[in-house]
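J.: Given the coordinates of chain S, work out where chain L should sit on it, guided by the hints.
Those protein sequences? They're chains S and L, same order as listed. Letter by letter, the first sequence follows residues 1 to 202 of the numbering used here. Letter by letter, the second sequence follows residues 1 to 208 of the numbering used here.
Calculated from the structure, these hints are not laboratory results. A virtual CB, placed ideally from N, CA and C, is assigned to each residue, including glycine. Just so you know, not all the hints are guaranteed correct.
[What the hints assert, rightly or not] For the chain L half of the interface with chain S, some residues (derived, Cβ under 10 Å), not all of them:
1) D29
2) S31
3) V34
4) V73
5) D164
6) S166
7) D168
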Amino acid sequence: MVMNQHYVEWFSGKELPSYLFAESWGGGSYGMAPYPHNGMWLSKSTTNGSGAAISFGATTPYTRRPFSCTASVFHIVVKPSNPVNSRAYIGLSDSKGSITNSIHFTHDTTKTTYELGTFGQTQSGSTAGGAYTVSSLPIDNVRHHHRLESKSASAEYEIDGVLEAIRTETLPKGAMMPHIENYAVNTEESTYNITYLEIYNT
Amino acid sequence: MTDFYDLLNPHGTVAEQRMVEYFTGSHIDNSRWVTNQLTGGSTATMSTSIDGGVILTGGGTTNAKATLGFNNVKQYTHTGSVFIGVYKFSATQASTIQTLGLSSADSNPRSAPQNAALFSCSTGATSYYVESGDGLNFASTSTSAQVDTNYHTGKLALDGAGIDFSIDGVLAVRRTDTIPTAPMQPVIHLNSDIAATMNVNYCEVYNT
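Okay, chain L solo, but in the shape it has when bound:
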């Protein structure tokens, strides 16, 4: 039997805060996650499909939202943390925003005045972009990585000076302005005018 601790931490080091969520089971772990923002008939529930994890579904009405967060328990630092998500977007059309990452708010996580580091497929865009907020302003950087409807691994790495966004192990962009200045929580957010969906079957966050 192997010490799981030793798989994640060099021998003799003290582990930093970490969270691994597999989104497997009969329901979302309600002691860990909160769905504070389900509007317009949107839902967040456990998928019944293979590899489906949790599925956020838009209610099919204008500006309907679904958001998973930690009820504003902000255990991950802006100066050194990593967010990893394995996800699948259902749509790349102009009427849907699909977002994962870290934010200081579990409702409307991707707008000022939040502290945030997020990656998104947003309205009207066919490529990913990285958004961030510093507690006052919000800004974004586009990437050349094209959005599709396959599963991907997205990673945000914060080091206090910038945010590196990688998709499937390839660095897509580094943002260095309007970066967060306060601790955050993981968030998974869908905002759509249609019944778009987003599946997430893995989420890992840790302080470095």
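In isolation and in its complexed conformation, chain S is listed as follows:
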């Protein structure tokens, strides 16, 4: 069997790996956490609309997208700091927006639970749109293991080893890269700590 593209990041060391594109705006920040169990952080400041993100691309068009929309798996271990006023899009996307062509989950404190989202509008502008499916896990500030899988006719979302959501509509249509964004239109600080990221094509 020939191995497909496979990527593992531990977020451990003196700074973030240079192959990740990290950015922040409005007073947001990112970096390697200098203490145990927290890997790297993505923080939003008290500035309305501030945030921070990591991906594989700095500018459009986003060409570093090695992961399939029909046969890929995404693992992450992430801990939100704030269960009240924060929002993150976490998964795979064709761009630095998560609502064009993507599979992701949301930790959105305006919602009740973690949700699986799939969007099928590519950078070239097709208009399949997207939607979300709820999980059973209430929004919290606990470290969890999340697993997303893109299949040819469905998208699946597991939390801590339990299948929580399946979507069969508005699936992504093009190649993707990791895109993890902490962004909210409010004046609250929030942080997401990531200790593990694994992505591969099946």
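T.: Okay, now just chain L, sitting in the frame of chain S:
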């Protein structure tokens, strides 16, 4: 295709912080490691030999040092963590100290007042010993495991009450006093009066 995550973690569990370093490539991963302490002409570079990994080489001058660390980013806990290194020492003579493990400092990692859990071949010794620091004092325990110039796997397991040191899967000693009291980083350290070398081709650290 297998989920690497599932190879390392029982299904349904949330992984703790981990790091695996293979020391393979054109240069040391400078976003992960820092060589904060290269003195007396010492070097730390990628080996060009089979199985060579990274090689630390003493500068051949008195008390020359080479140290790899995480720039004091201390992500591994004193109450539950494991350090594993695959290494080869070039010398067992009295003029060389070769050390791997965890320390709160990436310069002079094996002295007070550091928090540390380390295994060493030290000056004048022909057997391994385990050193540790609790942030105030530093102490060591000798083992009966003899030092040689072959590749070995050294493992330190910290559980909050002590430090177990194993070599090639065999427990050599457990230290229970002067154990670390604060988080640490992995360190690889050479201190030699001669041009001694230490190769490391695998390093893994994780919180339990």
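J.: Using 10 Å as the Cβ threshold, decide whether L/D164 counts as touching chain S.
T.: Where the cut-off is 10 Å and the nearest Cβ of chain S is about 19 Å from L/D164, the hint is violated.
J.: Double-check L/D168 for me: the hint is only fine if its C-beta lies closer than 10 Å to a C-beta in chain S.
T.: Since chain S brings no Cβ nearer than about 25 Å to L/D168, farther than 10 Å, the hint is violated.
J.: Classify the hint on L/V34 as holds or violated, based on whether any CB of chain S lies nearer than 10 Å to its CB.
T.: holds (5 Å)
J.: Answer holds if the nearest beta-carbon of chain S is closer than 10 Å to that of L/S166; otherwise answer violated.
T.: violated (22 Å)
J.: Minimum Cβ distance from L/V73 to chain S below 10 Å?
T.: holds (5 Å)
J.: Can L/S31 be said to touch chain S, with a Cβ gap under 10 Å?
T.: holds (5 Å)
J.: Against chain S, with CB atoms and a cut of 10 Å, does the hint on L/D29 hold up?
T.: holds (7 Å)
Hints 5, 6, 7, counting from the list given before, are not met by this structure.
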